[in-house]
Amino acid sequence: MLLAMTAKNKKMKGKFQPDKNGYFGQFGGAFIPELLYPNVKELEDNYIQIIESEEFQKEYKSLLKDFVGRPSPLYFAKRLSEKYGAQIYLKREDLNHTGAHKINNTIGQILIAQKLGKTKIIAETGAGQHGVATATVCALMGLECTVFMGEKDIVRQAPNVARMKMLGAKVVPATSGSKTLKDATNEAIRYWIQHPETFYLIGSVVGPHPHPDMVARLQAVISEEMKWQLKEKTGNENPDTIIACVGGGSNAAGAFYHYMDDEEVELIAVEAAGLGVNSGESAATSQLGQVGIIHGSKTILMQDEYGQIVEPYSISAGLDYPGVGPLHAFLFESGRAKFMNATDKEALDAAFELTKIEGIIPALETAHALAVLPKMTLRKDQVIVINLSGRGDKDLETFIKHLEE
Amino acid sequence: MNSIKNIFQTKNREVLSIYFTAGFPNLEDTKTVIEELEKAGVDFIEVGLPYSDPLADGPTIQNSSQKALQNGINLDIVFEQLMTIKNSNKTPLVLMGYLNQMLKYGEDKFCQKVVDCGIDTVILPDLPMVEYENHYRHLFEKYGINNVFLITPQTTEDRIRKIDSYSKSFIYMVASSSITGAKGEISQQQIDYFQRIKSMNLKGNLVIGFGISDHKTFSKACEYANGAIIGSAFINFLEEKGIDKIYEFISSIRNN
Ligand SMILES: Cc1ncc(COP(=O)(O)O)c(C=O)c1O
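Protein sequence lines, in the order shown, are assigned to chains X and D.
The first sequence begins at 1 in the working numbering and counts up by one.
The second sequence begins at 1 in the working numbering and counts up by one.
One or more of the hints may lead you astray.
[As the list claims (entries may be wrong)] Derived list of chain X stretches under chain D, where covered just means 3 residues or more per stretch with a C-beta under 8 Å from a C-beta of chain D:
hint: 1; segment: 35-44
hint: 2; segment: 174-188
hint: 3; segment: 288-294
These aren't lab readings, by the way, just hints derived from the structure by calculation.
Each residue gets a CB set at the ideal place from its N, CA and C atoms; glycine is no exception.
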């Protein structure tokens with residue numbers, strides 16, 4: 001009882017934590033139709049207490065260790081370091097079970113869903129990694145799983161669709177709009193409105209409060225491990241720079257989390273520039289967007305002068321999103337994180353480079369984070385951690401097509 | 001244009017409201033649809049502001065919104081169209097759109113245009129109560145605009161009472177846990193919910209919407225509320241029969 005009390009009162013403090021209405025600066029909130037209010041309120045009233053409870057922590061940590069295979073290694077990439085003239089470490093989220101950071105979040109949320117007595121799970125997915133990670137934890141817990149996925153993504157991430165099906169999930173194509181992640185999220189939310197008994201297991205630090213904060217807390221394990229791993233390897237728990245790709249922003253939130261208040265650590269968020277930031281075919285939200293509301297959150301949004309959402313474009317299904325989580329909008333606006341971007345071509349080149357010189361095939365999303373190395377001025381002793389958010393098995397078809405070109 | 005509040009005082013019959021999407025089926029139809037609805041004796045009209053990502057809407061309104069946007073509709077054009085009928089039209093209009101449209105247009109500019117068009121009521125389904133209290137109540141009051149709140153089968157009694165205290169035009173009672181879209185029937189479960197709300201004796205006028213589609217569902221809804229709203233079924237009708245037959249649709253609702 002005493003423990004539960006202290007857990008409840010132990011709200012995180014710091015400039016980059018949300019206020020009581022879920023705002024990071026001017027970004028965040030919960031702009032939801034009344035129909036979703038009871039669901040969101042139930043989660044808001046319980047998520048911190050659940051996450052901070054001893055019971056949850058025990059189950060979560062134990063599954064992360066034995067089921068996911070954490071801690072994920074922090075690997076010193078010797079040849080990449082030599083090439084770019086810096087000390088480059090890769091945080092190997094690609095080695096997690098199911099192949100990306102997404103499972104850190106789904107393990108946590110499925111435990112929360114169970115504590116709230118929910119038995120039916122829905123999720124959206126872009127690259128299919130979150131869909132696979134959700135289908136996996138649903139199989140693990142014996143819960144019913146429905147995943148919404150854009151029709152275009154179903155084609156370009158076919159291996160993940162097959163995995164979800166094998167895991168027993170129902171994959172529902174989203175056929176509206178650009179038929180990608182935004183539209184899959186719309187469909188998931190519409191389904192949720194019509195089936196309020198379901199638990200919406202959201203895949204990134206997006207959506208109405210408390211979803212962005214909840215997902216960030218569940219991904220925070222990435223930077224928690226980085227601290228002691230760096231201490232072991234370099235003698236200092238702080239790197240000079242952390243680089244992560246940003247779609248909605250969950251892997252970046254996890255990699256930045258325990259360093260956000262430490263201004264001496266440089267944070268770099270990399271967005272997908274598609275065919276080029278100003279080509280009209282891009283997903284570089286911070287460069288192209290203005291304040292707006294998407295999926296229940298006030299954030300930076302790609303939109304026209306009348307607030308109509310602009311269809312984004314990226315070769316990478318996981319970064320093909322016209323918004324960004326509210327925490328990242330705040331990191332951008334406050335200047336705490338530096339926002340860079342990489343085009344399709346730059347990401348593909350970076351993926352091939354890592355494969356050839358380090359023997360690691362990264363996900364297309366992750367390749368965007370790697371692709372900014374040639375654009376940076378680096379110091380020989382600069383310690384850089386790149387969050388290697390996922391592996392590239394799902395992208396082989398795209399890679400091979402590019403090889404042949 | 002009459003104020004929407006007066007409708008409920010002066011009408012002794014069931015209040016019928018029709019939702020349609022501005023700029024649909026054709027860009028210039030906004031005005032004609034309103035005129036035809038007025039001629040057919042509709043009590044008030046909800047003008048839908050087409051949005052790219054309407055989260056609370058089903059396929060019918062998603063499609064009509066998409067078509068209207070393809071037709072080239074935007075907020076400036078909608079306001080221009082509404083200005084041209086401001087003096088001739090007596091049927092109260094309500095604007096229904098999504099918060100981001102107002103945000104991007106400029107909140108003050110939006111409110112000023114609403115008032116200029118002679119409109120005093122807006123429905124923004126993704127504007128939650130806490131945001132209304134913290135950011136919008138004051139703004140709307142400054143312009144004399146009434147915000148319509150939605151209640152659903154899951155809304156708690158406390159919250160309904162609070163919504164009632166904020167509601168000056170009417171309370172939008174969502175007929176089921178649902179997005180918009182025509183449905184054939186009203187279930188016993190829905191009737192129990194309607195009855196529960198009716199017996200709360202709220203001071204505000206209750207209007208039921210989402211899934212009301214024909215004479216039967218309209219009359220049923222009106223047994224428990226001051227009126228009801230039909231949207232998707234009307235859009236479907238427009239698509240099939242065109243804007244010349246609007247009278248037929250309305251009389252089928254009123255008279256069976
Ligand atoms: C490997 C990988 N990295 C990154 C992302 C982007 O998501 P987020 O920005 O939430 O980390 C995805 C999304 O599908 C992914 O699969």
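Are at least 3 residues of the segment 35-44 of chain X within less than 8 Å of chain D when you compare beta carbons?
holds (count 3)
Stated coverage of the segment 288-294 of chain X by chain D [criterion: 3+ residues, CB within 8 Å]:
holds (count 5)
Are three or more residues of the segment 174-188 of chain X within 8 Å, CB to CB, of chain D?
Held - the segment 174-188 of chain X has 4 residues with a Cβ nearer than 8 Å to chain D, which meets the minimum of three.
The structure meets every hint from the earlier list without exception.
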